[in-house]
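*Asks:* Each protein sequence line maps, in turn, to chains A and B.
So the first sequence is numbered by my numbering: it starts at 3 and just counts up by one.
So the second sequence is numbered by my numbering: it starts at 3 and just counts up by one.
Keep in mind the hints are simulated off the structure, nothing from the lab.
Don't be surprised by glycine CBs; every beta carbon is placed ideally from N, CA and C.
Please note that a few of the clues may not be correct.
Lysine-lysine pairs mimicking BS3-like chemistry, simulated, CA-CA at most 27 Å apart [unchecked claim]:
#1 K166(B) to K243(A)
#2 K250(A) to K238(B)
#3 K166(A) to K178(B)
#4 K276(A) to K166(B)
#5 K178(B) to K174(A)
#6 K206(B) to K238(A)
#7 K238(B) to K166(A)
#8 K256(A) to K238(B)
#9 K203(A) to K206(B)
#10 K250(A) to K256(B)
#11 K206(A) to K166(B)
#12 K178(A) to K150(A)
#13 K206(B) to K161(A)
Here's a subset of chain A near chain B, in silico, CB distances under 8 Å, partners left out [unchecked claim]:
#14 K35
#15 G121
#16 S187
#17 G195
#18 F216
#19 R221
#20 N251
#21 M271
#22 K278
Listed below, chain by chain, are the residues.
2 protein chains.
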Amino acid sequence: MNKIAVIGLGLIGGSLALELKKNTWATIYGVDKNAEHLEKALELGIIYKKADINIVSEVDIVIIAVPVNIIPNLTNQVLDLIKGDTLVFDVGSTKLAVCNAVKNHPKRKNFVALHPIAGTEFSGPEAAIYNLFTDKVNIICEQELSSKSKINQVVDLFKTLKMKSVFMDSAKQHDKHIAYVSHLSHISSFMLGKTVLEIEKDEKSIFNMAGSGFASTVRLAKSNPETWTPIFLQNKENLLKSLEEYIKNLNQFKEILTSESAEDVFAIMQNTNKIKSVLAGIKNQ
Amino acid sequence: MNKIAVIGLGLIGGSLALELKKNTWATIYGVDKNAEHLEKALELGIIYKKADINIVSEVDIVIIAVPVNIIPNLTNQVLDLIKGDTLVFDVGSTKLAVCNAVKNHPKRKNFVALHPIAGTEFSGPEAAIYNLFTDKVNIICEQELSSKSKINQVVDLFKTLKMKSVFMDSAKQHDKHIAYVSHLSHISSFMLGKTVLEIEKDEKSIFNMAGSGFASTVRLAKSNPETWTPIFLQNKENLLKSLEEYIKNLNQFKEILTSESAEDVFAIMQNTNKIKSVLAGIKNQ
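The shape of chain A in the complex, shown without the other chains:
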């Protein structure tokens, strides 16, 4: 029976804990600097016991699920504390900073850099849900720097949680791609929400006129600023590049709309309809 410490009991850490409880016989210890979150996680049965950081020296697996600005130093601290064979992994949405931080740690081989591609717009232990990870993809970066047994252990563990593991050699490439397919979506959604709130001072108009399309496009604007501020800052360079390209495309659309070229407006949409096959791929994963 494994002992697992989950550090950070928000949406991701909490949901992982629930899923591990359901699918394995592990005992789960919770660590969170937010005392209310920790208490709530205990109350909700997400964790077996509250603990502090020193618990990591007594467990078999440590899961780090705190905001990405905290992850690099905390991971080094955890690696300092663990006993010989403990597996440590983080689940942050950026991978370069943590990989760089632990690069020269003597226990680097105990660590696996992960990114389970899953989430909702909610946060905190109350947001933890079952099946968040079912049929989703788990990305593993820099596998060659982890020991083979730790990689196998991680792949098996996530298989138990019904996730498929995919390997990406470069943490830098991970951060670049994720800027486009995740981080940029959040900004486009937040700024859409901002634009509409600014014009629609009278909220009643939005209630009446907005439909499911708006709700879908703006859903991510409900996301937690505490989670996303450090992600955006840490992935600044890639994000700025993707934002520039997004703004360029919006300006291009503005120009062809201004020129009233029905043909160009049609073509730009038709070409983008290709996204259908991509989205079908996401659905069928």
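Please build the complex by placing chain B on the supplied structure of chain A, with the hints as guidance.
*Replies:* Frame of chain A, contents of chain B only:
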């Protein structure tokens, strides 16, 4: 037993026909210049019989559900053909052009300018579904130019379809607001899809890294260019204004991200989290 003609058997016209069939004893005649769509609608049981435009002189209600660039002239043509007491309404996503077109028609009082706020990203008769309109809002513009009995008839009819009617005096105001809460969402989604497709030439990367957040934000990029090109062109002025404000906000975000001001990045997101109450309103409608 009412006779109803539905002109245009796509997502909206087809779904309305299905709902009318289910909830009333009306006989539904279908008109569509696309012969395949018409045949398909008959096959799927969406319409009772195929017809041509002249059917409108024999029916009690005419529903116009064609692309918005066709609606203004077609509505005049229909009003020319109907008998005295027939109700005519369109369901287009813009209202100013049709309202201006029929303003001086001697049968203006027979016409009601409508916008049922509902849709999906799919199109054609195969996209027609039940419950598309359930608990949604139906916006009625320029009610004072329709006869009172026609307004009552429309409100009752949409009540039967479980929709709430909301009145907006000005078609111009309708088009302005809808630019923000619907049309802009489509462009932000299309351009997000375009940006990601351009960088992610290798679609496999998107499959692996994109999650439900991206899928939600980019969903509208699957929409039909035939429907949306005329909408964007017809609502050009309002849309350009909303696009400018959206781009301004994106540039502002770019600036604060460049300056690495965590406080500002946090604040801009936190302020936009207000959209939660708006979205809760949409859900509970």
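*Asks:* So, for every hint listed, does it hold in this structure?
*Replies:* Results for each hint:
no. : hint               : result
1   : K166(B) to K243(A) : violated, 44 Å
2   : K250(A) to K238(B) : holds, 19 Å
3   : K166(A) to K178(B) : violated, 46 Å
4   : K276(A) to K166(B) : violated, 36 Å
5   : K178(B) to K174(A) : violated, 43 Å
6   : K206(B) to K238(A) : holds, 24 Å
7   : K238(B) to K166(A) : violated, 45 Å
8   : K256(A) to K238(B) : holds, 9 Å
9   : K203(A) to K206(B) : violated, 42 Å
10  : K250(A) to K256(B) : holds, 13 Å
11  : K206(A) to K166(B) : holds, 14 Å
12  : K178(A) to K150(A) : holds, 26 Å
13  : K206(B) to K161(A) : holds, 21 Å
14  : K35                : violated, 18 Å
15  : G121               : holds, 6 Å
16  : S187               : holds, 4 Å
17  : G195               : holds, 4 Å
18  : F216               : holds, 5 Å
19  : R221               : holds, 5 Å
20  : N251               : holds, 4 Å
21  : M271               : holds, 4 Å
22  : K278               : holds, 5 Å
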